[in-house]
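Q: Here are the chains, one letter per residue:
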Amino acid sequence: MILNRRQILLLLPAAAVAWDSVLADNPEGSPNYKMSEHWWGMLIDITKCIGCGSCVRACEMENDVPEGYFRTWVERYHVSDWHIENPEVDSPNGGMDGFPPGKAEGGKNFFVPKMCNHCVDSPCSQVCPVGATFHTPDGVVLVDYDYCLGCRYCIQACPYGCRFFHPKKHTADKCTLCYHRITKGLTTACCEACPTGARQLADLKNPNDPIHAFLKTHSVQVLKPHLATGSKLFYNSLDGSVR
Amino acid sequence: MEGFMYPNEVELQWGILIVLYPFLTGLVAGAFILASLERVFRVEEVKPTYRLSLLTALAFLIVAPLPLQLHLGHPERSLEMYLTPHRSSAMAMFGFVYLWYLMAVLVVEIWLDYRRDIVRLAESSRGVKGLLYRALTLGSYNISPAALRIDDRVGWIITLIGIPSAFLLHGYVGFIFGSVKANPWWSTPLMPVVFLFSAMVSGIALVLLMYMVTSAMRRVAVDMRCLDTIAKYLFYTFVIDFALEMLDLIHRIYESDESFRSLDFMVHTRLFYSQILIQIFLGTLAPLALLSLTQMITFPAAARRRIYAIASVLTLVGIFAMRWNVVIGGQLFSKSFLGYTTYKVGFVTREGLLPAVALMILPFAILYVLIKILPPWQEESPFVAEAHGDD
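If you read the sequences in order, they're chains A and B. Its first residue numbered 1, the first sequence is counted upward by one per residue in my numbering. Its first residue numbered 244, the second sequence is counted upward by one per residue in my numbering.
Honestly, the hints are just simulated from the structure, not real lab data. Among the clues, some could well be false.
As the list claims (entries may be wrong) - With a straight-line cut-off of 20 angstroms between C-alpha atoms, the simulated SDA-like cross-links for lysine to any residue are:
1. A:169 / B:331
2. A:168 / B:317
3. A:169 / A:145
4. A:216 / A:102
5. A:169 / B:585
Unchecked claim - Far from chain B, by Cβ distances over 10 angstroms, these chain A residues were calculated:
6. 93
7. 101
8. 155
9. 185
Predicted, not measured: the structure shown is a model, and the values here were computed from it. From the three backbone atoms N, C-alpha and C, an ideal C-beta is built for every residue, glycine too.
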């Protein structure tokens with residue numbers, strides 16, 4: 001679609017209203033976005049991940065993640081034969097710079113991207129003493145940085161190691177599912193940067209989202225299902241050795 | 244670092260200050276429960292330590308939130324826990340339990356118990372001291388036998404409320420750790436009970452030691468009957484505490500769930516000194532052996548005093564080690580059960596050794612001031628003879 005000058009001038013005020021609403025943490029106020037119409041999760045296809053680290057780099061740039069901390073990272077697993085309980089795992093610098101050559105001998109190697117699971121029954125928000133960690137109506141777990149005490153109870157409560165203590169903000173920090181992007185109709189930075197489509201943002205409330213067809217036809221699992229956190233990070237072909 | 248840790252796990256979140264916090268609140272709860280023995284259960288033998296126990300509890304309770312405050316990333320926001328508490332959070336509710344215990348139980352009980360002394364001191368002191376005592380009377384100068392009887396009755400009721408409150412205070416601290424399902428080292432329903440009994444053990448040991456030290460400083464004879472009774476209670480609670488901890492250990496070993504190999508490795512390597520040597524052998528088995536000896540053999544008084552002193556010091560070291568092993572130990576292994584990190588305590592840092600030592604000394608300084616303002620010594624109080632006459 002080619003816009004002429006007149007149309008652009010007409011669109012600018014609408015764009016300004018939308019942008020203001022997003023900046024004011026009020027995506028509901030932005031045109032065309034209704035929180036009640038979405039329920040966000042993510043599909044991670046382990047068979048497609050090549051461990052390039054593009055997602056980690058994109059996340060760091062998009063969200064200004066401090067060095068040495070990770071809102072998302074990639075782990076490399078090596079499982080030899082039947083030793084499913086003793087995988088060898090590494091994640092140098094969170095997989096940001098890719099991985100050095102792995103083991104060529106028997107067994108299998110694969111990559112597992114990790115990030116906040118945006119759990120429905122999230123242990124992190126349960127323990128927060130002031131409710132600074134909260135659930136948005138569209139299913140994203142966020143931290144209110146102006147409210148967080150920095151007690152770090154949530155970091156202890158997260159079973160997946162997704163949270164860290166921000167060295168500058170002095171609050172808890174973690175993946176926001178690029179809330180500033182998804183509420184504007186964009187996908188997350190990690191999904192956008194993934195060259196193989198191993199990560200797919202999923203709107204579970206949208207009947208037309210391809211996630212529904214995928215879930216019907218594949219063996220999908222969440223991490224640590226015994227903890228019953230209601231994770232919305234769905235892994236395709238998740239090996240039993242993954243922690 | 245050894246093996247694999249999730250990248251954000253390498254840094255420990257809760258350091259020595261958070262070790263100190265359950266240690267301090269444990270001493271508060273333990274000291275109060277000892278005091279309540281005399282008041283509610285009429286164990287007359289421990290009477291010489293009644294007021295000392297209460298003041299000790301107050302001194303440590305005042306300091307208990309300070310390590311938390313120092314640890315917070317935004318201490319200026321800590322009041323939000325009271326103003327906008329998150330009801331599902333164990334930590335948020337702790338603030339209210341703490342306030343309840345401090346304001347509704349401990350302060351009121353101490354005030355009621357000391358009211359007669361405060362009024363007399365307000366009438367006999369001048370200058371700043373007189374002003375202080377007049378303020379402490381809260382305007383109530385009625386110390387007629389009828390008024391004192393009411394004080395006594397209300398005090399008894401408050402102690403009665405205080406016992407479950409003290410249980411709540413420290414059981415709750417245990418729940419803060421015991422309810423974290425992500426962490427198998429913490430997540431056990433036994434945690435609040437273990438914390439509670441270890442709190443009683445540490446509080447009793449502290450008061451026993453304080454009683455001996457203050458008596459020595461004042462050059463007055465120690466009431467051996469009192470000492471023997473406290474030591475007996477220390478022994479009994481310690482046996483229960485040790486049994487609970489062993490139950491937890493045996494259960495873990497026998498069940499051997501997915502976390503067991505990782506935790507077992509940690510206990511035999513990184514926690515070997517602090518858990519096996521200091522907590523179990525030096526801090527539990529040694530004082531238990533010493534205390535059980537005094538229960539079986541009748542030693543001379545001087546020997547008993549020495550044994551009690553050594554056992555109390557070892558007990559306090561052991562309980563501190565227990566807090567250390569819970570708090571630090573719970574963060575040394577990866578939640579992937581595939582690796583381990585290390586904890587290096589800083590020295591002159593905000594959460595380092597120096598502030599921790601200062602916070603450990605501070606309650607004793609506060610206790611010194613409290614003892615100066617409100618002398619707990621029954622035999623020195625000019626009003627005690629009369630008080631007993633009134634009873």
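Q: State for each hint whether it applies.
A: For each hint, the structure was consulted:
1. Between residue 169 of chain A and residue 331 of chain B, the direct Cα distance comes to roughly 25 angstroms. Violation of the 20 angstroms bound is thereby established for this hinted pair.
2. Between residue 168 of chain A and residue 317 of chain B the alpha-carbon distance is near 11 angstroms, which keeps this suggested pair within the 20 angstroms criterion.
3. Note on residue 169 of chain A and residue 145 of chain A: the hinted pairing holds, with a Cα-Cα distance of about 8 angstroms set against a maximum of 20 angstroms.
4. The hinted pair formed by residue 216 of chain A and residue 102 of chain A fails the criterion: a straight-line CA distance of about 34 angstroms is larger than 20 angstroms.
5. A hinted pair counts as satisfied when its Cα atoms are at most 20 angstroms apart, and residue 169 of chain A with residue 585 of chain B does not qualify at roughly 25 angstroms.
6. With a least beta-carbon separation of about 8 angstroms from chain B, residue 93 of chain A fails to lie farther than 10 angstroms from that chain, contradicting its non-interface assignment.
7. Against chain B, the non-interface label of residue 101 of chain A holds: every CB pair exceeds 10 angstroms, the least being about 18 angstroms.
8. At roughly 5 angstroms from the closest C-beta of chain B, the C-beta of residue 155 of chain A falls inside 10 angstroms, breaking its exclusion from the interface.
9. Even its closest Cβ contact with chain B, about 30 angstroms, leaves residue 185 of chain A beyond 10 angstroms, as expected for a residue assigned away from the interface.
The structure shown violates the earlier hints numbered 1, 4, 5, 6, 8.
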